[in-house]
Amino acid sequence: MMKEEIFLGNGAIALGLLEAGCQVVTSYPGTPSSEILPEVVRLKKSQGLNTYVEWSTNEKVALDNAFAASIAGKRSCCCMKQVGLNVAADSLMSAAYMGTVGGFVIISCDDPGPHSSQTEQDTRLMARIAKVPVLDPSGPLEARDMARIAFEISERFRIPVILRPAIRVCHARQSMAWADLRSNEARAAFQKDPGRWAATPRFRLILHRELNHKLKEIGRLFDGLSEINFHDLQEGKTYPFGIICGGVPYAVVKDILSEQSRSDIPVLKLGAPYPFPESLASQFMEQCERVLVLEETDTLIEYLLSDKDKVMGRRSGHVPQEGELIPEAVARAVNKALETCGLEVLSIGDSREVNELVKGLSLPVRKPTLCPGCPHRASFFAIRKGRSKAIFTSDIGCYTLGLNLGSVDTCLDMGAAITMASGFYHAFGQDGTRQPIIATIGDSTFYHSGTAGLLNAVYNGARFILVILDNQITAMTGMQPTPGLGIRADGTSGVAIPLERVVRGCGIDFLEVVDPYDLSTMLGTLKRATSYVQDAAGGIAVVIARHPCVIAYRKEAIPNPRKPTVTDECVSCGFCMQRFECPALYRDEKADHTMINEVLCTGCGVCIEVCPKGAIVAVGSEQ
Amino acid sequence: MKGDKAMDTINIVLCGLGGQGILFMTKVLAEDALRRKIPVLGAETHGMAQRGGSVVSHLRMGNAKSSLVSSGQARFLLALDPWEAYRNLPFLAPGGFLFANAPEGGGPAEEVKIYLDKLGVETRITDAGMLARKIGAPLSTNLALLGFFSSFSDGGPFSHEGLHETISLISPERFRETNLKVFEAGFEQGAKRS
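Residue numbers (this note's numbering), protein chains in the order written: chain R, 43 to 665; chain L, 612 to 805.
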C-alpha cells in the first residue's frame, strides 16, 4: 500500500537503501550523516526486515565490515560524514582496486558551510582519487532514487559507488510516497580468489588496469544516464550562456531560473559527475559560448571540462572559493557571469539595506555552548582551575566547546587530543622543558581513535594527563550508544567494553575514575595525576571523568535537583559567567548582580562550588 | 511569470534558539500541509548549531526544488525569540507577516518598525512565553505562538481547526493534552485581536 510521508533527507536515503534490498548497513555517526542508520533501524523495525545494522567504532571499521558483506555477495552500505571518509580512505582506495560482488555503496555526507565540521572538503574529489563513481543528489527524493542507481552501477561494474549528499539534502525534509518493504533474502557466499581479495602488488597492477577499464565504461554510461545527467538544450540551437551544475546548487539554480522566467539559460545537470560524462559535457559546451559551473564545494566539474576558456567558476572568480552556495550566493554568481557575457542580469532584490539594518541592531552573538548541567563544564572548570598553565589539547565532540571555558587550546581531528599531547610533550622535552599538558577526549572519540595514540604515547615515554570525558553517549551527533554501553544500533544488547579495560590494556598504570560534579574530588584527583606525571617513576595519568549526559539521561544525571540561588553576597565579579559559562547564569541589571534563570537551570548545583565568594547557595532541595 | 510553479510556493521561515522547539513547530506545519496533499520541502538545523545557538528552519509548500528560502521571499516569519526575529528579517517578503514571541511592550525597535512598514509587513507580537508559563508548560512556547498564528485568517493555507487536529495527531501521548491547551490559549490571545 502506498503511503505519503515527510522524510528527513537521511530518512529518504535509508528508504532508498532498503528499497534497493540493502542487507547490511554500518556507520559511525557524524553530522550531517548521523540519522541515516537510525532511520534504517526505524524502517527495518516497522517493516519487519532482517537488515543487519551496526554502529561501528569508526568509519574505516564501518567500511571494512560492509565491504566484507559485499564480497560475500550481499548489497551493503556504510555511512559517514566527509571527514569520516578520510579515516576510511585507506580502505576505500584498496576496495576500488579489488572490486565488489554484491552492490557496495559508500555514503559520505558533505558539509558546505561548514555547519558542523572541521573542513568543507568535497567527497567527489575523494571519489576521483579513489577512481570510483560518485552520485550527487540535489534533494531527498533524488537521493532516494540514487541509492538504487548506486547499487545497480556497483553490481553491474563490480565497483564501490559513492553517494555524496550535502547537508542540505541530509537535513532537508520532503514529502514522498512509499510502499511496504521486503527483506532481501540473498544468502552469503564467498568465492575464494586470492589474486583479487588478497592481491599482492603484482596483481594490483592488473586490478588497476581493470579499474581504469571500468571507469571508461561507466563514463560512457553516465553520458546517457538521462535520469540524473541531462540538459534542456534545443537541438541545433546555440546559446550565449549556459549553466553546468550538480547536487544542491542544481535545485537552487532551477528555482531561481523558474522564478525569473529565464528559459533562455540552458542547464546541464550532472548528478553523476565522475567518471566524467565527456560527450554529454562536450555537447553542452559546443552549443554554449560561455558556461558557469556551480558545484559544491570544490572544483571537480570545472577541472574536468575540456574547453577552459569558456568556463566561468571558482578559478575565474565568479563563484566563491569557500562557504555554502546558498540561494543568494548562487544568484550573485549567476549575475556576475551574466554581466561578464553582457547579458541581461536577474532582478534579485537588494538585501543590502536590511542587512545593514540588522547589522546595526548589534544582536547578541549566539555562540554554541555546553548545555546547562553538562558534566563536561564541571570537568573543564576543574581542569582549568587545577592546571591553568597547561596546554589543553582536545578533540571532536560537544566538549570542543570547552574552548569557551579556556580549557581547550587545540582541536585537530578525531583522536588528536592524545597524539598532539604526546607531540607537544616531545617537542618541549627536546629542549629540556617540562610543559604541563592536559588532553581531553570524549568516550566515543576515545573508542573511535584514541587507543592507537595512547599506545604510541605510552610506548614512546610521553608524560601528560589524559582526561576521558565519559558521558556514556555520543552526544553531539544525536545520542548514539558507545561500545562502553554495550547497546547496539537497533537497541539490542551487545558486549560492553569498559573504558578502564581499554585504558589498562594500553599500558596505563595511573587510572582514576571521578565524578566531575564533585569538583573538590576531581581537583584532588588532578593533583595526584600531576604528581604522577612529574614523578621520575611516573608516566601518563588517565582520569576518567564519568557522569551521564544531562540531555540523554536527565534523571540519572541529576537524580536530586538542587535549587541554586544567588545571595546578596554576590559582588558581580563575573567569575562564574566567565569561567563556568553556564547559560542559566546571567547578569540582572535590576538586581545589579548575577542571577540564575530558573527555566534553564537543571539543578546540577555545580555552580555552588564555583563561586569564589560563596554567594551561590542551594535553597531547600527537591526530591 | 504566470503559472510559474516556483512562484506559487509559500515560503515560511521559523526561528528561535536551540531547545525552543523550532523543529516541532516546523513539523506541525509540514504535517498539516501533507494532510492536505500539498508537497512540502524544508531545511533544518542539526548538530553543533543546536547547542544553544540560533536555530532556523525553512519550510516551502508547493513545487520548489531547493529546500532553502531565499532572502526576501518568506511570506511568514515565525520567531520564538525577538532577537532571532531581527536576525532573520532579511527573509521577509514585501507584504509578508511577522509573528513573534516577545514580552509585553517589546514591540520592534523604531528603525525596524520603519523598515517593516516600508516593506508592508504586518507585525503581530504576543507574549507566547508568558502564556505557556501560565499553563505550567514553559517549554511549549512554540505551540502558543502557533495557536496565535492560527487565529488570523491571513495565516496562509493553515486553519485553526486543521492545525489543532494535526497537533493532536502528531504529539506524543504524554504531551498531547498540554500541547493542545497551550495551542488553544495562543489562539484565544490572537482571536481577541484579529
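Bear in mind the hints are in silico, worked out from the structure with no lab data behind them. The reader is advised that the hints may include incorrect statements.
Stated by the list, open to error - Partner residues are not named here, just some residues of chain L that face chain R (Cβ under 10 Å, in silico):
hint, residue
1, K638
2, L645
3, V651
4, E655
5, A675
6, E695
7, G706
8, G718
9, I746
10, H771
11, H775
12, Q800
What the hints assert, rightly or not - Derived DSSO-like pairs (lysine-lysine); straight-line CA-CA distance at most 30 Å:
hint, chain 1, residue 1, chain 2, residue 2
13, L, K745, L, K803
14, R, K655, R, K431
15, R, K173, R, K87
16, R, K597, L, K745
17, R, K45, L, K638
18, L, K803, R, K401
19, R, K569, R, K431
20, R, K87, L, K638
21, R, K655, R, K605
22, R, K605, L, K745
23, L, K745, L, K792
24, L, K648, R, K87
25, L, K729, L, K745
26, L, K724, R, K378
27, R, K296, R, K352
28, L, K803, R, K45
29, R, K597, R, K632
30, R, K605, L, K724
31, L, K648, L, K745
32, L, K745, R, K632
33, L, K729, R, K632
Just so it is clear, CB atoms sit at the ideal spot from N, CA and C, and this is done for glycine as well.
Results of checking the hints against the structure:
With a cut of 10 Å, the hint placing L/K638 at the interface with chain R holds, because the nearest CB-to-CB distance is about 8 Å. Interface hint status for L/L645: upheld, as the beta-carbon distance to the closest one in chain R is roughly 5 Å, under 10 Å. Interface hint status for L/V651: upheld, as the beta-carbon distance to the closest one in chain R is roughly 5 Å, under 10 Å. For L/E655, the suggested interface contact is upheld, since its CB lies about 5 Å from the closest CB of chain R, less than 10 Å.
Restraint check, L/A675 versus chain R: the minimum CB separation of about 6 Å is within 10 Å; hint holds. For L/E695, the suggested interface contact is upheld, since its CB lies about 8 Å from the closest CB of chain R, less than 10 Å. A least Cβ separation of about 13 Å between L/G706 and chain R goes past the 10 Å threshold, and the interface hint is therefore violated. Contact between L/G718 and chain R, as hinted, is not supported at the beta carbon level, the nearest pair being about 14 Å apart and thus beyond 10 Å.
At about 14 Å, the closest approach between the beta carbon of L/I746 and any beta carbon in chain R exceeds 10 Å, and the interface hint on this residue is violated. Proximity of L/H771 to chain R is violated relative to the hint, the smallest CB-CB distance being about 22 Å (cut-off 10 Å). Given the 10 Å rule on beta carbons, the hint for L/H775 is violated: about 19 Å separates it from the nearest Cβ of chain R. The restraint placing L/Q800 at the interface with chain R is violated, with a minimum CB-CB distance near 20 Å, outside the 10 Å limit.
Distance hint between L/K745 and L/K803 is fulfilled; the C-alpha atoms sit about 18 Å from each other, no more than 30 Å. About 24 Å separates the Cα atoms of R/K655 and R/K431, which keeps this hinted pair within 30 Å; it holds. Between the alpha carbons of R/K173 and R/K87 the distance comes to roughly 36 Å, so the proposed pair goes past 30 Å and is violated. Simply put, R/K597 and L/K745 have alpha-carbon atoms about 25 Å apart, close enough for the 30 Å limit, and the pair holds.
Our distance criterion of 30 Å between C-alpha atoms is met by R/K45 and L/K638, whose separation comes to about 18 Å. At roughly 35 Å between alpha-carbon atoms, L/K803 and R/K401 are farther apart than 30 Å, so this suggested pair is violated. Distance hint between R/K569 and R/K431 is fulfilled; the C-alpha atoms sit about 14 Å from each other, no more than 30 Å. For the hint linking R/K87 to L/K638, the alpha-carbon distance of about 22 Å falls within 30 Å, and the restraint holds.
Under the criterion of a C-alpha separation no larger than 30 Å, the hint pairing R/K655 with R/K605 is consistent with the structure, at around 18 Å. Taking the CA atoms of R/K605 and L/K745, the gap is about 21 Å. The hint holds against a cut of 30 Å. Proposed proximity of L/K745 and L/K792 is supported: the alpha carbons are some 11 Å apart, at most 30 Å. For the suggested pair L/K648 and R/K87, the alpha carbons sit about 27 Å apart, so the restraint of at most 30 Å is met.
Under the criterion of a C-alpha separation no larger than 30 Å, the hint pairing L/K729 with L/K745 is inconsistent with the structure, at around 36 Å. About 33 Å separates the Cα atoms of L/K724 and R/K378, which puts this hinted pair outside 30 Å; it is violated. The suggested pairing of R/K296 with R/K352 holds, with an alpha-carbon distance near 22 Å, which does not exceed 30 Å. At roughly 39 Å between alpha-carbon atoms, L/K803 and R/K45 are farther apart than 30 Å, so this suggested pair is violated.
For the suggested pair R/K597 and R/K632, the alpha carbons sit about 34 Å apart, so the restraint of at most 30 Å is broken. Between R/K605 and L/K724 the CA atoms are separated by roughly 40 Å; this puts the pair beyond 30 Å, and the hint is violated. Taking the CA atoms of L/K648 and L/K745, the gap is about 36 Å. The hint is violated against a cut of 30 Å. For the given pair, L/K745 sits about 23 Å from R/K632 by alpha-carbon distance, which is consistent with the 30 Å threshold.
Between L/K729 and R/K632 the CA atoms are separated by roughly 36 Å; this puts the pair beyond 30 Å, and the hint is violated.
Hint violations for this structure: numbers 7, 8, 9, 10, 11, 12, 15, 18, 25, 26, 28, 29, 30, 31, 33, all remaining hints satisfied.
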